[in-house]
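Asker: Chains as they are written, first to last, in our numbering: chain A, 1 to 236; chain B, 1 to 236; chain C, 1 to 236; chain D, 1 to 236; chain E, 1 to 236; chain F, 1 to 236.
Note that these hints are calculated values from the structure, not bench results. There could be a bad hint or two in this list.
[Unchecked claim] Only pairs whose alpha carbons sit at most 27 Å apart, straight line, appear in this in silico DSS-like list of lysine-lysine:
#1 C:K72 to D:K12
#2 D:K133 to D:K229
#3 C:K228 to C:K133
#4 C:K72 to B:K229
#5 A:K72 to A:K174
#6 C:K174 to C:K72
#7 A:K17 to A:K133
#8 F:K17 to E:K72
#9 A:K17 to B:K72
#10 A:K72 to B:K129
#11 E:K129 to A:K72
#12 B:K133 to A:K72
#13 F:K174 to F:K213
#14 C:K12 to D:K72
#15 F:K18 to F:K53
#16 B:K12 to A:K174
#17 D:K174 to C:K12
#18 E:K72 to F:K18
#19 C:K17 to D:K72
#20 C:K133 to B:K72
#21 F:K129 to C:K129
#22 D:K129 to B:K129
#23 E:K129 to D:K129
#24 C:K129 to A:K12
#25 F:K229 to D:K72
#26 D:K72 to F:K129
#27 B:K72 to A:K18
Predicted, not measured: the structure shown is a model, and the values here were computed from it.
There are 6 protein chains.
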Amino acid sequence: MRLDSLSSVQFKEVMAKKPVVLLPIGATEAHGGHLPLCTDSVQPEYVADAVAKLIGGIVAPPIRYAHHSSTKNMPGTLSISFLTTMHLTIDVLNSLIDNGADKIVIISGHAGSSHINALRQGCAEVAEKRAVKIMLLSDYDLVDEFPIDQTGDGHGGMVETSRVMHICPDLARKAPCRGDYVDCGYLIVSDPERCMPMGYVGNAQDATSELGKEINEFVVNRLVEEIKKSFGGLYE
Amino acid sequence: MRLDSLSSVQFKEVMAKKPVVLLPIGATEAHGGHLPLCTDSVQPEYVADAVAKLIGGIVAPPIRYAHHSSTKNMPGTLSISFLTTMHLTIDVLNSLIDNGADKIVIISGHAGSSHINALRQGCAEVAEKRAVKIMLLSDYDLVDEFPIDQTGDGHGGMVETSRVMHICPDLARKAPCRGDYVDCGYLIVSDPERCMPMGYVGNAQDATSELGKEINEFVVNRLVEEIKKSFGGLYE
Amino acid sequence: MRLDSLSSVQFKEVMAKKPVVLLPIGATEAHGGHLPLCTDSVQPEYVADAVAKLIGGIVAPPIRYAHHSSTKNMPGTLSISFLTTMHLTIDVLNSLIDNGADKIVIISGHAGSSHINALRQGCAEVAEKRAVKIMLLSDYDLVDEFPIDQTGDGHGGMVETSRVMHICPDLARKAPCRGDYVDCGYLIVSDPERCMPMGYVGNAQDATSELGKEINEFVVNRLVEEIKKSFGGLYE
Amino acid sequence: MRLDSLSSVQFKEVMAKKPVVLLPIGATEAHGGHLPLCTDSVQPEYVADAVAKLIGGIVAPPIRYAHHSSTKNMPGTLSISFLTTMHLTIDVLNSLIDNGADKIVIISGHAGSSHINALRQGCAEVAEKRAVKIMLLSDYDLVDEFPIDQTGDGHGGMVETSRVMHICPDLARKAPCRGDYVDCGYLIVSDPERCMPMGYVGNAQDATSELGKEINEFVVNRLVEEIKKSFGGLYE
Amino acid sequence: MRLDSLSSVQFKEVMAKKPVVLLPIGATEAHGGHLPLCTDSVQPEYVADAVAKLIGGIVAPPIRYAHHSSTKNMPGTLSISFLTTMHLTIDVLNSLIDNGADKIVIISGHAGSSHINALRQGCAEVAEKRAVKIMLLSDYDLVDEFPIDQTGDGHGGMVETSRVMHICPDLARKAPCRGDYVDCGYLIVSDPERCMPMGYVGNAQDATSELGKEINEFVVNRLVEEIKKSFGGLYE
Amino acid sequence: MRLDSLSSVQFKEVMAKKPVVLLPIGATEAHGGHLPLCTDSVQPEYVADAVAKLIGGIVAPPIRYAHHSSTKNMPGTLSISFLTTMHLTIDVLNSLIDNGADKIVIISGHAGSSHINALRQGCAEVAEKRAVKIMLLSDYDLVDEFPIDQTGDGHGGMVETSRVMHICPDLARKAPCRGDYVDCGYLIVSDPERCMPMGYVGNAQDATSELGKEINEFVVNRLVEEIKKSFGGLYE
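Please model the complete structure; the sequences and the hints are all you need to start from.
Answerer: Printed below as a string of structure tokens:
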């Protein structure tokens, strides 16, 4: 259930039951020629909707802008700054809490460390001051546990392509060939796209919608488990 | 066409034609018991999609969070700060311009003066530094010109209810009665909801989907005219 | 009575009676060739002094700098940023409250929406945290109610010119001709002065000191009424 | 000549001659029971007006708010923050330079080191980026050179009282007795007023308007010399 | 060679040869009862000094404060904020570049992801604007490559204890027993020390100074290789 | 005793006794050709260590970066901004207080007024909110009291050279000749080094290690006195 399809009156009734609020944070980011720019948006939105259904949670309006580093110069990547990302997180969290939310899960589709850190700084600042339990993760934290060899598979690779093929069959397809990663050492460069010359990394040519379905279901189930473990009580 | 349904490769090709980029900025805001919290989101998204179709533009990922004053304490209003709103606007604009956009239209569903001002500050800062033409308006700037008596009709009133009934028939319905506005003079109050005791203002009991359709079409056509007037060239 | 003509000892005695504190915020802004740059300063200072006399209030040191948009590039407009305006407002308000003020009226001579919004953001931030009643208005909010046709009369027009001719007869005179407004649509432009080619708008050639006197008295009386309505108690 | 008594048209003509622009920055600050809160405002305003007359300069609208430390808790001291003071200085300087000013003198009536430092940070930031010569001083930098024993005379003491008696005979008078300074060592205290139990320091009981006149004339002449030395050219 | 043991004159001569500048950033952080609070400081300082000697570089004054998350509530952890860490990095980098540095290596002893991200944001901002090559790494990025089983060994564990025993034999000793890590899932908690109940993680009871020496030499040699690879030219 | 040579466990025990914490803040700054860039660092570190020994205090990790004005363009001066300096001070103070410190002495080697003011702003902000006593001084505040004629002796002069010759005999020596100061009036200049053409001011050719030893001992003893006077209790 999407939070903003409710009226103010309905919302007040729903919040009185203290549901888990899921906030999917996506991105608009280049993922090669075989995946749409909304790749990092549709995955956490899919997961949030599915989890909400299973546990009776509600889904806050998704955000489709993130902070980007490695793909920032590629066509179609729209990046907001570290600080904007952090403050947006803080403001949305505080506003949800003002409205009665006491259990919030942020699911970030984009797993870049700078972006995740902006979210983490925001969550930490709120968690210190308000009476709330906040979980922060990327769905890719859980994908890592999926029992398949993911060595060398990364941004826009076999796993991600498979997942998006399952969620948005019209927008995604397997890639024509493998994408390589070029090591740039420890230099801070202003053209990081040279580390990812094809715009993606991994065996995206082996992606299938069936694999995507399996992974997506795995992530949804694992997240339900984590939520039960972290929030306890109602969900135990 | 939604910008983020394109791949990075397709996006680059589309941007080479220098299309108008439309950015709908919505809100999550209480609008009484007869309208959904996404009321201010679905209207500019509808307008942006329709205008894009008519002029060959593309629609950037919508934002569904805004800065709120008068309804900030009502259930379901999610508000981000003035500065976060301003910086988010600046970052998204700059990122679009970095990607080749030179004609951008921001359509804000929420027409509160603080929110519009946050957007305006952001647009002005970008317009001074970059080679870009930016239009900023609320669809309600154009609704004002619609030839019907709108005296005393405001937030969640007859006009807005009609428009949302047309766009989202499942989420909206006419209100049971009129909503009144209570004048609070020039005091800066921390409980501004007392000026709007029913959560909406105007003859929302007279709303109809048909009227909404007329107004929505009027707004779309007027915006196309304004775009042609402001951007000229290709659109003349 | 000007607050800063008192000694520290006298000030403490005066504040013990909990007077209304009036803070006139003016501007240094181009108003054509017939009005001085202090046009937006002398009007609220006149109103504040007159109102203070009638209700036993005191007038805080005026500020003669504001945030400007439409006239920012005209000779003589001195503009401070949105944020500086906001923080200056916050700091002065907090300092007045620290000194015992519990009823404050900010009267802004400049009525531009960005400037008023900067003041409003500042007032709202203070009003949320401190035990104080704050009124914020431009004297032009009240001028609008004056029973005369003001259609098409604006910045430096008939009404404003008349008012300043009454207050500062040596610095102001009626204009040689009408000033026109050129509509720029919804574009955010960096040269907004093109919308006001003569630097003022309206029938400034019809201004008279007598009319100015009437309007100024009207504004003073209306503000006294608003203050009584908003602050009640002592003033009822 | 006050800058804001000019019209936009007159101002443009005056600035074409590249006059020195003098910006008096005052304060609203407790100075015992014998001096008004505007003590630090009227002194630099007097000096600025007199110097402007002698060298053909113009005086920007004075500011009567400053950043205070030692008297911040005394009745009547209105303090704005270090950062607001710095940004206000930056904005006004930049706006003057945008209007053609290339020689600016800031005269601060308040000589507290934190306040002066806020002004200095602002001036330094502007001086690095713009083509302008900026002088920054307190009139008390020059008072120090006046040939009289000033040992132990400070805030609101003999010298300051005499100067204000000369400038504002109706608002100032000599004090009934000497004001003492109590050394607080190097502790950063939140009640610094304990170092100045009477609210002023020095032999304010010996102040005379005649002495004030001498000092004020001395300061005006010394500042004219400094301006000629620093700006050269036209003034040599 | 420490940069600040040179005089201004000597420094200018040294910089003319364009040496690599190494900036060790340490921390003051709890590492159990067997390691000193300067544990994260002495390691990068050791590495920086040794590398500088091998390649003719110079070492900028070390910083011994960092941004901490997981140990922030443990006795002795001194933490500076994310933004302070970022701005400090930016300022020191810019100042080094203003002095002629064109090849800079930041070595962070603390490898927490928030801290590293603060450094990375700072480096990225500088790298975009200045003509400089910046390397950023934690010495633990290189330690990871050392051929020994490091599974489950972490903060204050066998590897770190060994390294500090070699560098500061007087301040460090092996721990009495193993330190465990307690998984806290994805919750953002305000008491993260509960994940590290003994204050360290790993087989710190097996640490030896000999092992530390081997690792330290390994890190120094690997960093020399990375520097040659990244900066080329002179070092190839 | 240096704070960070303790383990977390030892630190907790030491802090339970509520010792004075001394924080030496140095600088990396040009001091002519006869003194090292660490001149302003080694002096307060020497003083802090000596005072700590005498009163049973502990010394927090020194900072060797400061905010510079007059020497900012000289080779080897590394300057951090006013705001970074202020925030670094705030963060370190708060972190010490979080760890139980209730008596803190900041000793700044660099005595420039902008730098001292940045520290003062930071201390004042902390002192208002936390239960702590903070002393802030430059060791040069005490040097001023040393009974020797210091007229015209300043940055890198006879006194400073003597002190560093005593502390770091290997890095410092007397200068070949006197250094002059050139008065620049009240202009805010971007090349302030022209006021100090030799990079130092005073009779640095007369410096001796013996004099330095006397002054250093004098400063240490005077600071012990000031600490006893300000903190009382335990130290009386």
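Asker: Looking back at the numbered hints, which does the structure fail to meet, lowest number first?
Answerer: none
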